[in-house]
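Q: If you want the building blocks of each chain, they are given just below.
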Amino acid sequence: MINRRTFGLGAATLGFGGLLPGSAWSQAAALANLKPGKPHAGTEIKILCVVATQFRAHEARAAAFTEATGITVKYTYVPFANMREALTAEMVGGTGGYDMVVVMDQWVPSLANLMEPMDERITTKKIDLKRYPEAFLKLGQVGGKQLGLPTRAHVQLLFYRKDLFAKHNLQAPKTWDDVVKISKVLQEKENIAGIAMPYGKNQGQNLMVWYNMLWGRGADVFDAQGMPAFASEAGLKATQDYIDMLRTHKVTPAAAVSFNEQDAVNSMRGGNAAMVPVWWWVRGGLLDPKVSKLTEEQVGFAPLPSYPGGKSSTYINCWIYALTKGSKNKDAAMEFVTFVSDPSVERDILLDPKESDVVAVQYPNLRDADVNKRFGGMHTFAAEALQNTKVVPYSADWPQMMEALETAMSEAASGAKSVPDAFKAADAAIRRIVRRG
Amino acid sequence: MQAPDRFLRYGLIAPALVLVIGTTLWPVVSAVTTSLRDWRLKRSSLPQKWVGFDNYLVAFEEPEFWNAVKVTTTFVILDVLLTVCLALAVALLLRRAGVLQSLVRAVIILPFAVSPALIGVSFRFMLNGEHGVLARGFAATFPWLSDVVWLATPGYAMAALIASDVWHWFPYLTLMFLGGLAAIPKETEEAAELDGANGLQMIFLVILPQIRSIIAVGAILKTIFALKMFDQVATLTGGGPGITTQTLAHYTYAVGFVHYDMGLASALAVILTAILVTIGIFYIRLVLPQREHSAP
Numbered sequence: 001m002i003n004r005r006t007f008g009l010g011a012a013t014l015g016f017g018g019l020l021p022g023s024a025w026s027q028a029a030a031l032a033n034l035k036p037g038k039p040h041a042g043t044e045i046k047i048l049c050v051v052a053t054q055f056r057a058h059e060a061r062a063a064a065f066t067e068a069t070g071i072t073v074k075y076t077y078v079p080f081a082n083m084r085e086a087l088t089a090e091m092v093g094g095t096g097g098y099d100m101v102v103v104m105d106q107w108v109p110s111l112a113n114l115m116e117p118m119d120e121r122i123t124t125k126k127i128d129l130k131r132y133p134e135a136f137l138k139l140g141q142v143g144g145k146q147l148g149l150p151t152r153a154h155v156q157l158l159f160y161r162k163d164l165f166a167k168h169n170l171q172a173p174k175t176w177d178d179v180v181k182i183s184k185v186l187q188e189k190e191n192i193a194g195i196a197m198p199y200g201k202n203q204g205q206n207l208m209v210w211y212n213m214l215w216g217r218g219a220d221v222f223d224a225q226g227m228p229a230f231a232s233e234a235g236l237k238a239t240q241d242y243i244d245m246l247r248t249h250k251v252t253p254a255a256a257v258s259f260n261e262q263d264a265v266n267s268m269r270g271g272n273a274a275m276v277p278v279w280w281w282v283r284g285g286l287l288d289p290k291v292s293k294l295t296e297e298q299v300g301f302a303p304l305p306s307y308p309g310g311k312s313s314t315y316i317n318c319w320i321y322a323l324t325k326g327s328k329n330k331d332a333a334m335e336f337v338t339f340v341s342d343p344s345v346e347r348d349i350l351l352d353p354k355e356s357d358v359v360a361v362q363y364p365n366l367r368d369a370d371v372n373k374r375f376g377g378m379h380t381f382a383a384e385a386l387q388n389t390k391v392v393p394y395s396a397d398w399p400q401m402m403e404a405l406e407t408a409m410s411e412a413a414s415g416a417k418s419v420p421d422a423f424k425a426a427d428a429a430i431r432r433i434v435r436r437g
Numbered sequence: 438m439q440a441p442d443r444f445l446r447y448g449l450i451a452p453a454l455v456l457v458i459g460t461t462l463w464p465v466v467s468a469v470t471t472s473l474r475d476w477r478l479k480r481s482s483l484p485q486k487w488v489g490f491d492n493y494l495v496a497f498e499e500p501e502f503w504n505a506v507k508v509t510t511t512f513v514i515l516d517v518l519l520t521v522c523l524a525l526a527v528a529l530l531l532r533r534a535g536v537l538q539s540l541v542r543a544v545i546i547l548p549f550a551v552s553p554a555l556i557g558v559s560f561r562f563m564l565n566g567e568h569g570v571l572a573r574g575f576a577a578t579f580p581w582l583s584d585v586v587w588l589a590t591p592g593y594a595m596a597a598l599i600a601s602d603v604w605h606w607f608p609y610l611t612l613m614f615l616g617g618l619a620a621i622p623k624e625t626e627e628a629a630e631l632d633g634a635n636g637l638q639m640i641f642l643v644i645l646p647q648i649r650s651i652i653a654v655g656a657i658l659k660t661i662f663a664l665k666m667f668d669q670v671a672t673l674t675g676g677g678p679g680i681t682t683q684t685l686a687h688y689t690y691a692v693g694f695v696h697y698d699m700g701l702a703s704a705l706a707v708i709l710t711a712i713l714v715t716i717g718i719f720y721i722r723l724v725l726p727q728r729e730h731s732a733p
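Keeping their order, the protein sequence lines are chains D and L.
So that you can map any letter, position 26 of the first sequence is 26 in our numbering, and since no number is skipped, the others follow by simple counting.
If you want our numbering, it's the position in the second sequence, counting the first as 1, plus 437.
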């Protein structure tokens, strides 16, 4: 007898199979690696998760998992601004209230006590880690142990006004000098700011483009001994370049001095800026007619600019799915990790016409022809960039160090301190943090 | 008192006592004990060894602590002064009977009903240089302010922070002062009028002295809340530019939930609590004598 639920699930599966390339295949592939015989039937997996369309999409696909395993999945969503506190409370409480958590890379070392190392279970479940870019995996490791699997990760792109560039016969900038030149042309001819970038304090957002300039100048955040290296001559030059765009060349909106990332994006989608260097997931918001004046024909993307002769780089951001130490349902939770991290689930979401999220963390999908067709080749570029990208070596002290850095950037941007003064003070502050341990 | 009566009394107040101890005293005791221990969350989910007053010494050595003290002091002085003055001015305007006054008295409390965090977010939008209504309004009205980026300059950012809090609090104090003004005997003003007092003399020499204790109570109450300023710092300025608007409450939060140093954060919380308790004692001393003089 076919009940209403079975009919609904079957109809949904048929619908997906008929409309989406590979969806019928994907569900079978994702279910194939699960334990047979429903050994965890009746278990409920609780997940503490940040608000993001991708996780809603995971939740929507959990019905097939529940049907196959008897395990139900309950997501609790927390806004990004409160996520760290929620995870901290979970770590201190240690009650096992959640079986799985979603953790951002920068927080992983300081929240390591919350998470159960996953290495053995990854081996048991035969999850092939080679399908993930090395950089993403590194961001989920502490002390050589894999604390979680990448699930939502971002690379940076330069989004630009394709229509204005075409009108004035301009090419997407390859260097930061090009950015200044192009910006000045557009500011003069279109009365629009050249590039919107965040210089205000907000969770380290004013550092995210700066890292690339630092690397492009041959400098780095830390040296091999883990001591601050950003105040070197090359580092200060790179920082001065970033500040000069705002204060000397004045190619950013004047208000950018207090912008956070969202303000910068709003500036471009409101038609006030011609370029914005930002995460790839922002594409959806730039093209959303409810909040943006821009259309697909007006927005192009390119790799982030670099310095002459240098390669483009991207700072990356990665969230992991992790099991909690206090969970009493770790094996059942690992079943869900196995299901949800299958490349086919990610592909389903990427090709779902109802979804607009560009996020992919696995090479098969980054290089997938259908995925690239849908997003104009964005993922192929990301795959290439990810093979060469650097990562900031986060430590448990990173959040405090980042605060010192973002404060220095804010001080330099507002003119309260010169670049050398602000960043030498940050250098001293970080050395104090290292000494205190 | 008979013994059974005494037991009954204690029995009746016991639930309230347990509730107060559980929700007020226990967190204070816990904060004090944590402030004497090394507890960095990045190392352990549980408090570690006892370190005496080390956390307090570390706090006093941190330049960020002294910056937060300076910012908090500046904020409290300007915020309390402006809020009280504005509330007094509005209360004096609204004390006369009239349709308009009644209408304003009814709606003036609305800002106080808005969440402080939401006020911070709203002011951030309104002060945005590209599309903010306040930023544009100021630029149109006062052309010399057209180049000001409100949240990017220390002085203007502090002004924005204070303005958001004054907007939030002055209605409450206005209603408080209106209550005081209503209790002033009409005869005193009539006598002053007969003696030829002008408007300013009437306000400063006749009216305000009679509500002096209510003004003091309002000012102290406002001081206590200003000392705890966190929400608008978090949502409006983020403590910036640099750390020029980082108050003690926001710094305590950062040490606890960004730096993950619960021992040091507890020491900072205890310091803040000590300041608040001291002011609270003044507050109670001001309020209690009035109650003693009031009719039984």
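Please note that a few of the clues may not be correct.
What the hints assert, rightly or not - Derived BS3-like pairs: lysine-lysine, alpha-carbon spacing no greater than 25 Å straight-line: (1) D:Lys46 <-> D:Lys311; (2) L:Lys665 <-> D:Lys330; (3) D:Lys330 <-> D:Lys290; (4) D:Lys424 <-> L:Lys507; (5) L:Lys507 <-> D:Lys325; (6) D:Lys35 <-> D:Lys417; (7) D:Lys417 <-> L:Lys507; (8) D:Lys325 <-> L:Lys486; (9) D:Lys311 <-> D:Lys417; (10) D:Lys174 <-> D:Lys125; (11) D:Lys167 <-> D:Lys293; (12) D:Lys328 <-> L:Lys479; (13) L:Lys479 <-> D:Lys145.
It should be emphasised that the hints constitute simulated quantities derived from the structure, not laboratory data.
Q: Evaluate each hint against the coordinates.
A: Structure-based check of each hint:
1. Proposed proximity of Lys46 (chain D) and Lys311 (chain D) is contradicted: the alpha carbons are some 43 Å apart, above 25 Å.
2. Proximity of Lys665 (chain L) to Lys330 (chain D) is assessed by CA-CA distance (about 41 Å); at most 25 Å being required, the pair is judged violated.
3. Under the criterion of a C-alpha separation no larger than 25 Å, the hint pairing Lys330 (chain D) with Lys290 (chain D) is inconsistent with the structure, at around 41 Å.
4. Taking the CA atoms of Lys424 (chain D) and Lys507 (chain L), the gap is about 23 Å. The hint holds against a cut of 25 Å.
5. A distance of roughly 42 Å separates the Cα atoms of Lys507 (chain L) and Lys325 (chain D); the hinted pair therefore is violated under the 25 Å criterion.
6. Under the criterion of a C-alpha separation no larger than 25 Å, the hint pairing Lys35 (chain D) with Lys417 (chain D) is inconsistent with the structure, at around 60 Å.
7. Of the supplied pair hints, the one linking Lys417 (chain D) and Lys507 (chain L) holds, its CA atoms being roughly 19 Å apart against a limit of 25 Å.
8. Between the alpha carbons of Lys325 (chain D) and Lys486 (chain L) the distance comes to roughly 23 Å, so the proposed pair stays at or under 25 Å and holds.
9. Restraint check for Lys311 (chain D) and Lys417 (chain D): not satisfied, since their Cα atoms lie roughly 31 Å apart, outside the 25 Å limit.
10. The hinted pair formed by Lys174 (chain D) and Lys125 (chain D) fails the criterion: a straight-line CA distance of about 43 Å is larger than 25 Å.
11. Of the supplied pair hints, the one linking Lys167 (chain D) and Lys293 (chain D) holds, its CA atoms being roughly 18 Å apart against a limit of 25 Å.
12. For the suggested pair Lys328 (chain D) and Lys479 (chain L), the alpha carbons sit about 23 Å apart, so the restraint of at most 25 Å is met.
13. With a C-alpha separation of about 16 Å, the suggested pairing of Lys479 (chain L) with Lys145 (chain D) holds against the 25 Å cut-off.
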